[in-house]
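For reference, the chains in residue letters:
Protein chains: 2
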Amino acid sequence: MGHGAGGETMQEFIASHIISHMPDAGMTVPLRSLDDAAVVDGIVFTTDGHTVKPLFFPGGDIGSLSVAGTVNDIAVIGGDPLALSCALIIEEGLDLNMVDRAMASLGRTAKEAGVPIATGDTKVMEAGAIDQMIVVTSAVGKRSPHMDQNLEVASKYRTVNNTWLTDDSTRDGDVIILSGNVGEHGIALLSFREGYGFESEVRSDIAPLNGLITEALKIGGVVAMKDPTRGGLANTLNEWSQKSGVGIEVEESSLPLTDPVRNAADLLGIDPLSIGNEGKVVVSCVAEMAEDVLKAMRGHQYGKNATIIGRATSKYRQVVLHTEIGGKRILEAPMGDPVPRIC
Amino acid sequence: MGHGAGGETMQEFIASHIISHMPDAGMTVPLRSLDDAAVVDGIVFTTDGHTVKPLFFPGGDIGSLSVAGTVNDIAVIGGDPLALSCALIIEEGLDLNMVDRAMASLGRTAKEAGVPIATGDTKVMEAGAIDQMIVVTSAVGKRSPHMDQNLEVASKYRTVNNTWLTDDSTRDGDVIILSGNVGEHGIALLSFREGYGFESEVRSDIAPLNGLITEALKIGGVVAMKDPTRGGLANTLNEWSQKSGVGIEVEESSLPLTDPVRNAADLLGIDPLSIGNEGKVVVSCVAEMAEDVLKAMRGHQYGKNATIIGRATSKYRQVVLHTEIGGKRILEAPMGDPVPRIC
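Chains as they are written, first to last, in the numbering used here: chain A, 1444 to 1786; chain B, 1444 to 1786.
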């Protein structure tokens, strides 16, 4: 299961057994860079398989998750999502009401995001050959109309080499903004699945973020974005640090973490920074524009709790957490998300 | 299982429980038309889930199948495939050699088609929650550079209203060409799976057809194309007949059917016209250009056995088979493909 959990074990497995076999020539943002989406001939393109268990949980379901996750992957690289595809794999005999409920939720989330379902495919596997239902969504997008101006603003303050909001684009001095509370999706799912009872207080944060991201891009100065899904915030910051070749320091006291999430994580013995989110975006921004970008994000329903959590620095080469009691520790990339089948 | 078999039962299931929930506004070729691919803002887009069993079989495997099926769906509507995505769902504990072999085959087929793998996703499910491996491929493409001239040629001979090679574009008098032998994929798979032993003589026909299709478009006069996958040739011709509102008559004696496929189908009690193919294309063409298109197709390695099998006619409203003994019968749309998990 570690091979699919989104951490370092998975990166190694994917590199040696999957990507090594695949031709990926001629792309602007290629497969090998392992960004959230690829860019080929001006088209932004991404895919995500969803095997979440259970199919329905507090705050969302496999339908809303599938649309939000895929729309967000297009948006965080600087794309405007144009259309979604939906491939369903269904277990023979699955209650049709479950199919209807999941598809209705998928449709509602697509409408909220303003992205049509363009094409699809349905396969049925015999009972026992698949656990209920898998939804694989892909999406295509075009470059956001605000991207050129966004990068132009950034380039007033420092040299900007990236043309898309890729993982390798953060530099010394850039400010890191998180759009809201961490850990909610993973804790809600785990708690509900295992019957711990925290779900009355913690709900999944699933949300399509293309609207929020547009508000940030309109201000300008954003150089990288990523949604901290599998492996959580710890994985996102470590990917940026490694691919950009820069350290990132984070103030633990600034992390937006609710008490119910903190308590549940303590009791379950898992780090809320290593657990997946499905409605959050991490933004790397030139320092001079950070306050304006933050303000714009707070004006959007999905960015109300946005906050500055740290900054990139050449003092370190890793992700360093300044703890609430005055110490510091390295925030490692998790080996994988502690919660299996989270998405 | 009938809900996933590609026939009429499936069409009804998809319409009422899936598509009814999905927003699909603003597209040139929308979801509701159930064509092989959608067109949105000039981008051709398609997706296919592959649950084939077993993963490896005579003539192909889940890797080659995934690429060929998706590339073909882009090409048959008049698109030039630009990039593929690949979402893997893998059973925990699956032999890594199987992953490597399938991915190597997938990579080879993508190279042959000249289409890069742009983006991907990998999920692992616990043992028992998934049967070995599922591969979901999506593809994006642009309009083929030969499409405008192709339709211009067609419009010399009759009014042409379609701008893409959609299922509703065949008219009275158009000639139907099939690119080669029917039934090989389904028979090879069923025979191998069940141990009937025909696989020494019948191999799957899996092939990426974008090269062959380009040769036909270069000649011009093609108004519709479709790859006869689930539900086979019978399903393809019936979809065309229904969506185009025209009858299609087929000469049984003209159907390219090898003796091993015929014998195996007889013994297994299945109709080779209702069984899936993965390396064939059916072409609808204005009559005046049919011989030239046929000749161009025969010049390509995947069209060597191409042949004219019939023509569209307003004399009928259905698909009518002129039998070898001089009678005629209606070729119905199958309720589903007789072979489950064929792709």
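Hint data in this document are derived by calculation from the structure and do not stem from the laboratory.
These numbers were taken from a predicted model, which means no experiment stands behind them.
One should not assume that every hint holds.
As the list makes no split between identical chains, a pair holds if one copy fits it or if it spans any two.
With a cut-off of at most 16 Å between alpha-carbon atoms, the simulated EDC-like pairs for lysine to aspartate or glutamate come out as follows [what the hints assert, rightly or not]:
| no. | residue 1 | residue 2 |
| --- | --- | --- |
| 1 | K1554 | E1451 |
| 2 | K1599 | E1658 |
| 3 | K1554 | D1714 |
| 4 | K1585 | D1484 |
| 5 | K1496 | E1569 |
| 6 | K1496 | D1615 |
| 7 | K1496 | E1534 |
Do the hints match the structure? See the list:
1. Proximity of K1554 to E1451 under the C-alpha cut-off of 16 Å is found in neither arrangement, the shortest distances being 35 Å within a copy and 29 Å between copies.
2. Within a single copy, K1599 and E1658 get their C-alpha atoms no closer than 20 Å, and across copies no closer than 51 Å, so neither meets the 16 Å cut-off.
3. For the homomeric pair K1554 and D1714, neither the shortest alpha-carbon distance inside one copy (34 Å) nor that between copies (43 Å) is at most 16 Å.
4. With identical chains, the CA atoms of K1585 and D1484 are at most 16 Å apart both within one copy (10 Å) and between copies (10 Å).
5. In this assembly of identical chains, K1496 and E1569 lie within 16 Å of each other by CA distance solely across copies; the values are 11 Å between and 19 Å within a copy.
6. Neither within a single protomer nor between protomers do K1496 and D1615 lie at most 16 Å apart by alpha-carbon distance, with minima of 40 Å and 52 Å respectively.
7. In this homomeric assembly, K1496 and E1534 come within 16 Å of each other (Cα to Cα) both inside a single copy, at 14 Å, and across copies, at 15 Å.
Checked against the numbered hints given earlier, the structure breaks hints 1, 2, 3, 6 and satisfies all the rest.
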